[in-house]
Amino acid sequence: MNYLDELRGIVLADRKITPSEVTLIERYLVADKTLDLDDVKFLVELMKAADEVCPEFDAILFPCVRSVILEDGQVTTDECLVLMELLCSGDEIRQSERNLIDSIFQQIKSPSPEFVRLYNAVFGAACSVN
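So the mapping is simple: my numbering equals the position in the sequence shown, first residue as 1, plus 3.
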């Protein structure tokens, strides 16, 4: 069993992500490590599998997502899929998730057609790529 499987088991034992578990996630995944898309996928999977998620989890999730996706200045198809999973993890798209999508959109120079479609779906408005 690798450490991610072990971490998943600990965090989701009660199907809740608590502040103390966020500290554990930070210690074993986020701190002192260059994150990649697989790490973001892991965090999104945790969120999807949990019945309850504390606000502290968003405080580590969103900066991780933002930094990984903006690392190369573009949003790839795979990254769009991860963002869609994040947005579809609950009953509705939360304002914090909208803010994340908007901040990514504002920071990339040339959004891909897939990301423009995702952005338009989230905000319900047509936005064109210049």
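Don't read these hints as lab results, they were simulated from the structure. Don't take every hint at face value.
Across the chosen pairs, the derived CB separations fall in these ranges [what the hints assert, rightly or not]:
1. T79 with P22: 31 to 37 Å
2. E9 with L40: 31 to 37 Å
3. L73 with N123: 16 to 22 Å
4. R120 with G76: 29 to 35 Å
5. A34 with E74: 29 to 35 Å
6. R69 with C91: 34 to 40 Å
7. A124 with L73: 28 to 34 Å
8. N123 with K44: 32 to 38 Å
9. K36 with C57: 18 to 24 Å
10. G76 with Y6: 27 to 33 Å
11. L84 with K112: 30 to 36 Å
12. P22 with S115: 33 to 39 Å
Below, in silico cross-link-like pairs of lysine-lysine (DSS-like), each with a Cα-Cα straight-line distance of 25 Å or less [said to hold, decoys possible]:
13. K44 with K19
14. K51 with K36
15. K51 with K19
Note that the structure is predicted; figures quoted are calculated from it, not measured. No residue lacks a Cβ here, since even glycine has one placed at the ideal position from N, Cα and C.
These are the hints, each one checked on the structure:
1. T79 with P22: 31 to 37 Å: holds, 32 Å
2. E9 with L40: 31 to 37 Å: violated, 21 Å
3. L73 with N123: 16 to 22 Å: Between L73 and N123, where Cβ atoms are some 20 Å apart, the hint holds.
4. R120 with G76: 29 to 35 Å: With a Cβ separation near 19 Å, R120 and G76 fall outside 29 to 35 Å, so the hint is violated.
5. A34 with E74: 29 to 35 Å: violated, 18 Å
6. R69 with C91: 34 to 40 Å: Between R69 and C91, where Cβ atoms are some 19 Å apart, the hint is violated.
7. A124 with L73: 28 to 34 Å: violated, 20 Å
8. N123 with K44: 32 to 38 Å: violated, 24 Å
9. K36 with C57: 18 to 24 Å: 22 Å Cβ-Cβ, so the 18 to 24 Å window holds.
10. G76 with Y6: 27 to 33 Å: Because 31 Å falls inside the window, the suggested range holds.
11. L84 with K112: 30 to 36 Å: violated, 21 Å
12. P22 with S115: 33 to 39 Å: With Cβ atoms ~36 Å apart, the hint holds.
13. K44 with K19: holds, 18 Å
14. K51 with K36: Cα-Cα ~23 Å, so holds.
15. K51 with K19: holds, 11 Å
The structure fails to meet hints 2, 4, 5, 6, 7, 8 and 11 from the earlier list, while all remaining hints are met.
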